[in-house]
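K.L.:
Residue strings, one per chain:
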Amino acid sequence: MDELDKRLLNVIQADFPISPRPYRVLGERLGITEEEAVSRTRALAESGIIRRIGPSFDSRKLGHTSTLVAAKVPVENLREVAEIVSSFPQVTHNYGRDHEYNLWFTLICRDESEIERVVSDIKARTGVSDMHVLPAEQMFKVRVSFEF
Amino acid sequence: MDETQVKTITAIQSGVPISAEPFREIAEKLGTSEDALLDQLRKWKDDGTIRRFGAILRHTEAGFSVNAMGVWDVHAERIEGFARAATSSEGVSHCYQRPRFDGFPYNLYTMIHGRSRDECEETARKIREQTGITEYELLFTTEEFKKSPPVYFADRGSAE
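Read top to bottom, the protein sequences are chains A and B.
Counting with my numbering, you get residues 1 to 148 for the letters of the first sequence.
Counting with my numbering, you get residues 1 to 160 for the letters of the second sequence.
These are computed hints drawn from the structure, not numbers from a lab.
All C-beta atoms, glycine included, are put in the ideal place defined by N, C-alpha and C.
Take these hints with a grain of salt, some might be off.
[Claimed, not checked] In silico negatives: residues of chain A with every beta carbon more than 10 Å from chain B: (1) Leu4; (2) Glu28; (3) Ile32; (4) Pro74; (5) Asn77; (6) Asp111; (7) Ile115.
[As the list claims (entries may be wrong)] Straight-line distance between alpha carbons at most 25 Å, and here's what the computed DSS-like set of lysine-lysine pairs gives: (8) B:Lys45 <-> A:Lys61; (9) A:Lys72 <-> B:Lys146; (10) B:Lys147 <-> A:Lys72; (11) B:Lys43 <-> A:Lys61; (12) B:Lys147 <-> A:Lys6; (13) B:Lys146 <-> A:Lys123; (14) B:Lys7 <-> A:Lys61.
Only chain B is shown next, with the shape it has when bound in the complex (with noise of 0.2 Å):
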């Protein structure tokens, strides 16, 4: 990563602005041509650097106002059926599988959104007679202390 393209990070991991031509915007911030980071940009989300460009909602305010952690406990032999079954399923947005600790089985991750509660343990009841996988726990959201886009580089340049 050269100080360019820091500088092109910290430029845009905030946002662009919401204008006619916003990578213009930007770009003049930057001292560069709009035509050199439309470029990197580009070759950024063709190589997977950039994974999406994009709006990023807020669910809640988008009626998707419910959203639990599911947490599932596993066997390491079932676990890409299950993961299969959990990205198909409607409202599940993310899957991970993480380490188990000491009191807390869990070791697959999924994050349910809904229109409410119900909604949420339908998409994992569901999901457990898919899967057969009956040890699991909905962590439901009782409050968001904070959600902003990460900040890379905040060292070397404004985040925002």
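Bound-form chain A, shown alone (with noise of 0.2 Å):
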């Protein structure tokens, strides 16, 4: 990655142009060709540095509502447990973490019932009953950027 792969993934990841011909745009802004543009994003999305272009839509807009929720796992289970919780297409984001809470997901669903019968899905099949749901009640800033 050099410094104009640094430059590009600053611009890139904060304002993707909405036209016709983005990476024209793009390269204008950095002095590279459109060409130049698409194959470095190309070999960046290769690289798995980036993992997608595109929306991040607010849920609540487009009315859904979405969760985190913590729970506590036998560690010796815990990747079984993951897999059944990440099979699940309303879990967005699944994580161990290192605490006796070890295990945290986000959910997106279209309500709250949703997000009951979910979760009363997730003890059911995991076994797990020490699960806490944590709706946001304050989002505060969402800085999305990184500095390269």
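Build the complex: two chains, separate frames, hints provided.
P.N.:
As structure tokens, then:
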């Protein structure tokens, strides 16, 4: 990753142009050709640095609701339980953490009742009962960009 | 949300192709014009339905290899000040207030990213010094089991 890649990442993560030729616009900002902007972006995606390029929707404006869930899972079952949790399409993030509450996942659902249903399904399928639904009561700022 | 809008969301939520004219490709799949698609996306960006349109990075590959969920016990009257300090802190990507639960007295959550465990701990220490909030823990990520774009309207169209 050279200096130009870093500059490209700084620009592309904050604001991908919604225009017919987005890489031409990016190229103009960075002083490179459209072709080079495409090929550098593609290389960053192939090397795994860029996960995807697209919209982050405000789930509430789409009529969806989201929450974090904390679970206390017997250590020897963590992987198996995590796989079951991840298999639900409503689960978007799922992390193991070094704490007695060792599995933390986020759900995006249509409404509260779907959240309740998914959580009770997860409890039933994993046998884990110590699980807490922790919806955000206030969101302070989502800083999305990392400076390179 | 009308049917066309729902189709647009399902077509674009997993990302756009990396090519010279990504929106034309999506519009073709949708059977709509590129102009109509671009208009809709710009409208959504203006009204906040799209919070951000950009590249989502894999922070571990980008050098931010360690992340920790910082959880803090903050009294109600100090929440605003805490949030101001936490969100202006380098390395913090999210800050939320969530309910406490039995045995877990923490109500403020900060996602902390760093190049090392030490760097994350240093970020938390600085927040502690700035805010005077001393009751906190860092829950380091031991494994990422899943991280995927949210799937909206999954039963009304293909997610891919």
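K.L.:
The structure should be examined with respect to each hint, and the outcome stated for every one.
P.N.:
Hints and how they fare:
Residue-level check passed: Leu4 (chain A) sits 15 Å from the nearest beta carbon of chain B, beyond 10 Å. For Glu28 (chain A), the condition that its CB be more than 10 Å from all CB atoms of chain B holds, with the nearest at approximately 14 Å. Annotated as non-interface, Ile32 (chain A) keeps its C-beta farther than 10 Å from every C-beta of chain B; the closest such distance is 14 Å. Consistency note on Pro74 (chain A): stated as away from chain B, and its beta-carbon is indeed over 10 Å from all of that chain's, at 15 Å minimum.
Non-interface status of Asn77 (chain A) relative to chain B is upheld: no Cβ of that chain comes within 10 Å, the nearest being about 13 Å off. Listed as a non-interface residue, Asp111 (chain A) keeps its Cβ farther than 10 Å from every Cβ of chain B; the least gap is roughly 13 Å. Every CB of chain B is more than 10 Å from the CB of Ile115 (chain A) (nearest about 14 Å), matching its label as outside the interface. Restraint check for Lys45 (chain B) and Lys61 (chain A): the C-alpha separation of about 12 Å stays at or below 25 Å, so the hint holds.
Distance check on the hinted pair: Lys72 (chain A) and Lys146 (chain B) sit about 18 Å apart at the alpha-carbon level, within 25 Å; holds. Between Lys147 (chain B) and Lys72 (chain A) the CA atoms are separated by roughly 20 Å; this keeps the pair inside 25 Å, and the hint holds. With a C-alpha separation of about 13 Å, the suggested pair Lys43 (chain B) and Lys61 (chain A) falls inside the 25 Å cut-off, and the hint holds. Under the criterion of a C-alpha separation no larger than 25 Å, the hint pairing Lys147 (chain B) with Lys6 (chain A) is consistent with the structure, at around 23 Å.
A threshold of 25 Å between alpha carbons decides the hint, and for Lys146 (chain B) with Lys123 (chain A) the separation of about 18 Å falls inside it, so the pair holds. A threshold of 25 Å between alpha carbons decides the hint, and for Lys7 (chain B) with Lys61 (chain A) the separation of about 16 Å falls inside it, so the pair holds.
Going through the hint list in order, the structure satisfies each hint without exception.
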